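Asker: So the sequences go chain by chain: A and B.
My numbering applies: residue 1 is where the first sequence begins, and numbers increase by one.
My numbering applies: residue 287 is where the second sequence begins, and numbers increase by one.
Since the hints were derived computationally from the structure, they do not count as laboratory data.
Incorrect hints may have been included.
Straight-line C-alpha distance at most 25 Å; calculated DMTMM-like pairs for lysine to aspartate or glutamate [stated by the list, open to error]:
hint	chain 1	residue 1	chain 2	residue 2
1	A	2	B	411
2	A	2	B	351
3	A	61	B	338
4	B	321	B	301
5	A	61	B	351
To be clear about the criterion: a stretch of chain A counts as covered by chain B if any three or more of its residues have a C-beta under 8 Å from a C-beta of chain B, and this derived list gives those stretches [said to hold, decoys possible]:
hint	stretch
6	74 to 88
7	206 to 219
These figures come from a predicted structure and were not determined experimentally.
All residues carry an ideal CB built from backbone N, CA and C; glycine is no exception.
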Amino acid sequence: MKPAPFDYVAPTTIDAACALLAEAGGGALVLAGGQTLMPLLALRMSQPFIVVDINRIDALKGVTRVEGGTRIGPVTRQNDIITDTILAEALPGLVTATQHVGHHQTRDRGTVGGSIAFGEPAAELPAAAVALGATIEARSIRGTRRIAADALYLGPYATALEPDELVTAIHFPDWPAGTITLFREVARRPGDFALVGLIGAFAVTGGRIARVGIAWFGMGPTPIRARQAEAALRGQPAAGLDARGVAALAVADTAPFDDHHATAEYRRTVGERIFSRALAEASVLF
Amino acid sequence: MAIRINGTETRAPADPRVSLLDLLRETLHLTGTKKGCNQGACGACTVLADGERILSCLALAVQFEGRSITTIEGLAGQDGMHPLQLAFIEHDGFQCGYCTPGQICSAVGMAAELARGAPSAVTTDLGAATVRFTGEEARERMSGNLCRCGAHNGIIAAITQTYAGAAL
Ligand code: FES
Ligand code: FES
């Protein structure tokens with residue numbers, strides 16, 4: 001199977017890439033790791049007339065510490081997230097989430113930015129970006145803007161990014177020392193997309209939950225923030241949490257559907273169970 | 287710029303749509319690398335790009351200009367087969383053989399990852415300079431290579447014989 005004809009360009013600067021995207025007027029697609037785009041091209045589900053390969057743009061790669069957080073270049077490979085020493089320290093939850101993305105082979109090519117910008121609702125990294133409060137820096141010839149991960153996802157594979165915009169960085173804010181991140185995923189086989197998954201970060205100061213971010217994946221058309229559960233937890237004493245009650249609230253914000261992998265009912269039931277168990281386990285650590 | 291394939295310089299295809307897998311199989315007739323699903327699900331097309339295992343069906347050949355690709359055809363040395371190839375034979379690590387080149391390239395890449403201490407989802411000692419080989423590590427790390435003949439136990443046995451305890 002061959003993709004429909006397209007022109008291929010591999011610019012080496014962000015400006016050149018943005019100029020190409022602007023010129024294409026919506027007919028271009030950005031190629032990062034290609035682990036999602038390549039099958040879409042081969043199946044002719046995507047038919048861009050120009051493919052802008054951003055793999056040769058060094059400015060889009062790597063992890064750096066910035067004021068108040070960590071900046072990840074979108075073309076950083078998923079496997080490089082797993083072995084990054086800055087992230088091991090600053091965002092262990094992101095590292096754990098990334099270990100569950102696909103298989104080793106796909107992570108050698110697959111990128112952080114590609115996964116976040118594609119917005120597969122059952123994928124780990126979009127949910128991690130939402131839970132951990134990331135912002136996405138997008139650039140076009142019109143300028144640069146920042147979009148909260150929370151506001152990025154509009155529907156399955158639909159994001160607030162404009163066709164001429166290139167993701168140039170993902171900024172993750174720092175969480176206080178001692179923050180506990182929970183990651184749970186239920187999938188049929190390792191490497192499959194999740195049937196149900198969640199990632200939650202909990203910062204406890206003086207015995208109270210000072211900051212919390214929780215997002216589901218595989219539980220609706222987008223990654224879904226568990227807003228009601230977050231609100232119920234914020235400011236509460238970390239000891240003696242009603243794990244089951246909070247889990248029920250967390251599931252109340254989801255919108256899972258039936259598909260050939262699992263029913264919505266199954267997802268809700270399993271979601272509630274893994275959430276309450278995870279919270280009960282975490283409360284021992286708080 | 288050329289693509290180096292098993293040590294031989296090859297010109298990148300003029301048509302950017304050609305995947306690395308199709309370049310190998312259709313242009314160079316290196317048919318050891320297999321096309322199972324052509325969409326990243328099976329691992330049959332696994333090759334090594336500068337030592338890193340990748341799925342050649344999910345890569346455009348033109349992206350690999352200036353890089354070095356090793357396929358199953360490039361693994362054997364002067365004095366015969368790669369030790370892992372011999373171990374696959376000894377342990378019946380295959381039946382139809384379709385997944386085998388991908389399994390072997392993948393496992394060679396995996397051994398290098400253990401040696402440089404890259405952790406997986408089941409690694410417990412995250413700080414170690416090298417990751418110790420265990421059956422559990424091998425199963426987790428080989429999850430991207432499916433075998434429809436169900437030879438997985440033979441595959442793990444072959445990999446274990448080759449890499450467990452070996453100075454990686
Ligand atoms: S052919 Fe490439 S993963 Fe199946
Ligand atoms: S030996 Fe037949 S698919 Fe693995």
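Asker: With reference to the structure, classify each hint as holding or not holding.
Answerer: Taking the hints in turn, this is what the structure says about them:
Between residue 2 of chain A and residue 411 of chain B, the direct Cα distance comes to roughly 44 Å. Violation of the 25 Å bound is thereby established for this hinted pair. Taking the CA atoms of residue 2 of chain A and residue 351 of chain B, the gap is about 20 Å. The hint holds against a cut of 25 Å. Pair hint residue 61 of chain A plus residue 338 of chain B holds up; C-alpha atoms about 18 Å apart against a cutoff of 25 Å. Using a Cα cut-off of 25 Å, the hinted pair residue 321 of chain B and residue 301 of chain B holds, with the two alpha carbons roughly 20 Å apart.
A hinted pair counts as satisfied when its Cα atoms are at most 25 Å apart, and residue 61 of chain A with residue 351 of chain B qualifies at roughly 19 Å. For the stretch 74 to 88 of chain A, the stated coverage by chain B holds: 4 residues have a C-beta nearer than 8 Å to a C-beta of that chain, and at least 3 were required. Remark: the stretch 206 to 219 of chain A is not confirmed as covered by chain B, as 0 of its residues place a Cβ nearer than 8 Å to a Cβ of that chain, below the required three.
In this structure, the hints that do not hold are numbers 1, 7, in rising order.
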